[in-house]
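J.: Here are the chains, one letter per residue:
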Amino acid sequence: MERKIRVLVAKPGLDGHDRGAKVIARALRDAGMEVIYTGLQQTPPMIVEASLQEDVDVIGLSILSGAHMTLLPKIAQLLHEQGMDDVLVVAGGIISDADAKVLKEQHGIAAVYGPGASTHDIVQFIQENAGTRKA
Amino acid sequence: MELATSLLSGNRRALARGISVVETGGTAARALLSAVYAQTGRAHIVGVTGSPGAGKSTLVNALALHWRRQGRTVGIVAVDPTSPFTGGAILGDRIRMQPLCGDPGIFIRSMASRGRLGGIAHATSDTIDLLDAAGFDVILVETVGAGQSEVEIASAAHTTMVIEVPGMGDDVQAIKAGILEIADIFVINKADRDGAEATMRQLRAMLHLGGPPRDGWEPPILPAVAMREEGIPTIAAEVERHLEHLRDTGQKADRERARAAREFQLIVQEAALERARTRLADAGWDALVAQIAAREIDPYAAAAELLD
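Residue numbers (the numbering used here), protein chains in the order written: chain A, 3 to 137; chain B, 387 to 694.
Hints listed in this document are in silico derivations from the structure and should not be mistaken for laboratory results. Keep in mind that a hint or two might mislead.
Ranges between beta-carbon positions, derived for each pair [claimed, not checked]:
id, chain 1, residue 1, chain 2, residue 2, range
1, A, Lys103, B, Ala658, 34 to 40 Å
2, A, Gln108, B, Thr391, 33 to 39 Å
3, B, Arg643, A, Gln108, 41 to 47 Å
4, A, Gly68, B, Gln456, 40 to 46 Å
5, A, Pro47, B, Ala414, 29 to 35 Å
6, A, Gln84, B, Pro606, 29 to 35 Å
7, B, Pro470, A, Lys106, 33 to 39 Å
Just so it is clear, the structure is predicted and the values come from calculations on it, not from any experiment. All C-beta atoms in this analysis are idealised placements derived from N, C-alpha and C, irrespective of residue type, glycine included.
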């Protein structure tokens, strides 16, 4: 039985625009992945706890509210505390290039996708970078 | 075995990792299950099934909250179908269980059926064993019912609950899908809607048509409005009463013996096959298959020779 890539898709904070997250969830499903869709109003502890229980390979975070520099580093920190640095973290939404650079260089975010990003590119990135399991 | 020790001591990450291992199957899965097996058999396993949209996840959430308030720990397995076209799945049951987040007495795992006919029961059953060994008092297993795999999952559960909603022509569904046979408890959710009483009456009539209660248990038909946590204490009480009934009549022991027999047979079959394949290696196996296809030997003699 081959391993499936498990992805948790969440919207941290109070941003209520979930169309993008749903489009991504469907695209990942169509690429053969298992998507745990946790929806709106997720706090960083909720996201990390759910990711732990579901033993996901990837966390996809959607933020359009501008709160990404507060929420994403917090999530990265909690993941580190839980020893979950091997989980691939991908973010999407309204994030400036400057912020994306900081997130990638300083907070372990693997990739940041803005409006107009192709789902094909996102799928490919995940397939190539979702790590192999360490026991 | 490190993963097993960690899991048994309450480490949640080990439990999550362990579930991934048993989902994948193979040698590692067998080693893990072997290491924890002695610690299984304590949890009350409750299956929850019903049509999509009936409110299963909401009800599971409400029941879990109820049992948590009583100080019991709850493990939840939520099974969703895999797309037969893409092999992927959207597992959206957790989203209904937000109030349970952050509670260390709860563990929720979403599982995709992965298109395994009957095989889903294998991975789910193994996951139930891990949650059992990890010490959860109640394990709720939620599936979209009811097909072959749901019937199999029902056989791993002590108590099976079927959720219906009023007036959706579900009476016909219930007869067709064999749901009447597997249900120990019926819940009519969204009971504040029109037609709830009629649905309950129809269901009661159908149950009576089937003759006297099976095994001395007449399945209760309980109304609920899961979203408002209405009707939950009664449902929880009936679930507990059912387990007592199974204990008192010796059926719990019978069911567990039957489950053990079924599982052991499957495991022996798998192990024998694997041993045979290892002995032959792929080239030898393929060569034998070619001989059989060419009628040079028959498969029965070939198997006998292989296994002796």
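J.: Can you give the numbers of the hints that this structure goes against, from lowest to highest?
T.: 1, 3, 6
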